[in-house]
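Chains as they are written, first to last, in this note's numbering: chain A, 2 to 308; chain B, 252 to 518.
Any given hint might turn out to be false.
To be verified - In silico SDA-like cross-links for lysine to any residue, where the CA-CA straight-line distance does not exceed 25 Å:
hint : chain 1 : residue 1 : chain 2 : residue 2
1    : A       : Lys89     : B       : Asp337
2    : B       : Lys413    : A       : Pro38
3    : B       : Lys381    : A       : Gly20
4    : B       : Lys476    : A       : Ile52
5    : B       : Lys381    : A       : Pro272
6    : B       : Lys381    : A       : Lys165
7    : A       : Lys165    : A       : Lys89
8    : B       : Lys381    : A       : Arg46
To be verified - Covered stretches of chain B (in silico footprint by chain A; criterion: 3 or more residues with CB under 8 Å from a CB of chain A, positions within the stretch not fixed):
hint : stretch
9    : 415 to 423
10   : 437 to 449
Since the hints were derived computationally from the structure, they do not count as laboratory data. Treat the numbers as computed from the prediction; the structure is a model and nothing was measured. Cβ atoms here follow ideal geometry from the backbone N, Cα and C, with glycine treated the same way.
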Amino acid sequence: MQDLRDAVIATLVTAQQQGADLSVMVADSTSTSKIAPFESAFPERVINVGIAEQNMVGMAAGVALSGRTVFTANAAPFLFARSNEQMKNDICYSNTNVKMLGLNAGFAYGPLGATHHCMNDIAIARSLGNLQIFAPADAIQASAITRYAIAHPGPVYIRMDSDKVPLLHDEHYQFVPGKPEVLQHGQETVVFCLGTLAHEALAANQQNITIVSLPSLHPLDTQAVRKLIAAHQRVITMEEHVLSGGLGSIIGELLHQHGMRQRLITLGLPPYEFTHSSSRAALRRQFSIDAEGLRQTLQRAELHAVS
Amino acid sequence: MDVQTIKQTARQARRYVLQMNHRAGKGHTGADLSEVDIICTLYMAVMDRRGERPDQDRFILSKGHGAGGLYCSAAAMGLIDPAILDQFMGDDTLLAGHPINYKLPDLVEINSGGLGHGLSIGVGLALGNKLAGRGHRRAFVLLGDGELAEGSNWEAAMSASKFRLDNLIAIVDRNRLQLAGKTEDIMPLEPLADKWRAFGFEVLECDGHDPHAIIEAVNRPSLGKPRVVLANTEKGHGISFMANVPAWHHAVPNDEQLAQGLAELEE
């Protein structure tokens, strides 16, 4: 079990030791980002702007103009809502070399409620030009994506989880942008998962389904995704995100654009709803994006197929 | 660079503003005429742009709707070919209504147009330069006074002060007019100098149409703080019938007004 943030920060420390020229910017979010190891190694490379997300993102563009590679690290809900125009204009439209870590995305803040749940980041991010979008499923993948982000000159958004999750990869893992990652092979049903929900899908313990993690939403190897869809009769998507504009929409658009007839079942927050204040587990249960919800969805889908 | 040459260049920039906006039938004529003396002075007498980026003084146009004033100043200074002014706001043009970095990478540091962004970017740039050991490289940010109602400016101001950015110079194009009328009627800024001072800035005021006064204000020895220059200007400055008339914020001259304006610039 490892926290993705620890892996990202350790990767930044190593990259900086190896000669990268990084700055990490936080909006009072030093504990949220677990930045301490980087800050103790390179205190002058951490910029804390206080609780001021608009300014953090705008400043990040400026620091990038000075020649550095900049990471911002703060809570995803505030990054997307508060600094949205700065993200659009100063980072994405202006193509500045800034990587944004969206921390505690989805229901991670559970009982802190809807103000703190980040349910629309993918929908917004995929509406912005120049932005690459990633959602790692474990610490090793988070680390690999971070290394890729440092090497890639341009805007990157990384949707980060905050829970400790088991490792799905070993140290030989190579991140390939766009590549869907098949975690389990099966027949009839393929389940596409956003970020750490891959662990819920695996925990459903259904040996006959194919489970695919999509750590890279843009770029996305749509041909490979279509090939996976074509090999199955039905598709399920699981996301801690609203169903309007997230992973379910991405897959749905692909099906539609290519005239594919597979049935699509999307699991996530229904459109036009807010979440309530509950534990993350309860929220996942409510929207059927946990192991039990997937099992029940599969059962219902089987019945539907028979009748 | 002598002040007379800067004044002549700014006068040429004004001619271009009238001609370009007249031809395009679009533009922020008043806002352009407000700023050209400041832009020409910075580029001709203040900024050191001889090195390669990022080892340069840099200019950020936070009031992105003043793109026309930047283009016309650049044309008057010989930084861009005046012939391309003909394509202002045309289809897929180099000269968009708000400036685009990849179209004119040597002139436009970053895309602008949304208001309240430039100062944060300037703060980041000035800080980045300091962190890179290039603290002598300055970031100049030209702000419209109307855009100071955007709260992001004050977040940026707090940061500039925290990081002691004496290589940051904000210049407020203080023409006291915005789209819907007078700044002091719509969202009063005064006491503006006190506000900046309270945020930890060194505040200087000058005549924003006088190159000598602008040079004196931006180049005065540093007190170790970020600096703001409140440059008192007139929207539509230089053309009698445009000066201080709110409607010229984004009006463009017709044939007759063009002829009259150009004649006034000959005097």
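Outcome of the hint check:
1. A:Lys89 with B:Asp337: violated, 29 Å
2. B:Lys413 with A:Pro38: The given pair, whose Cα atoms are some 23 Å apart, holds under the 25 Å limit.
3. B:Lys381 with A:Gly20: holds, 19 Å
4. B:Lys476 with A:Ile52: holds, 22 Å
5. B:Lys381 with A:Pro272: violated, 46 Å
6. B:Lys381 with A:Lys165: violated, 38 Å
7. A:Lys165 with A:Lys89: violated, 31 Å
8. B:Lys381 with A:Arg46: Distance of about 12 Å is within 25 Å: holds.
9. 415 to 423: This one is violated; 0 residues, fewer than the three required, reach chain A with a Cβ under 8 Å.
10. 437 to 449: Result for this restraint: violated, n = 0.
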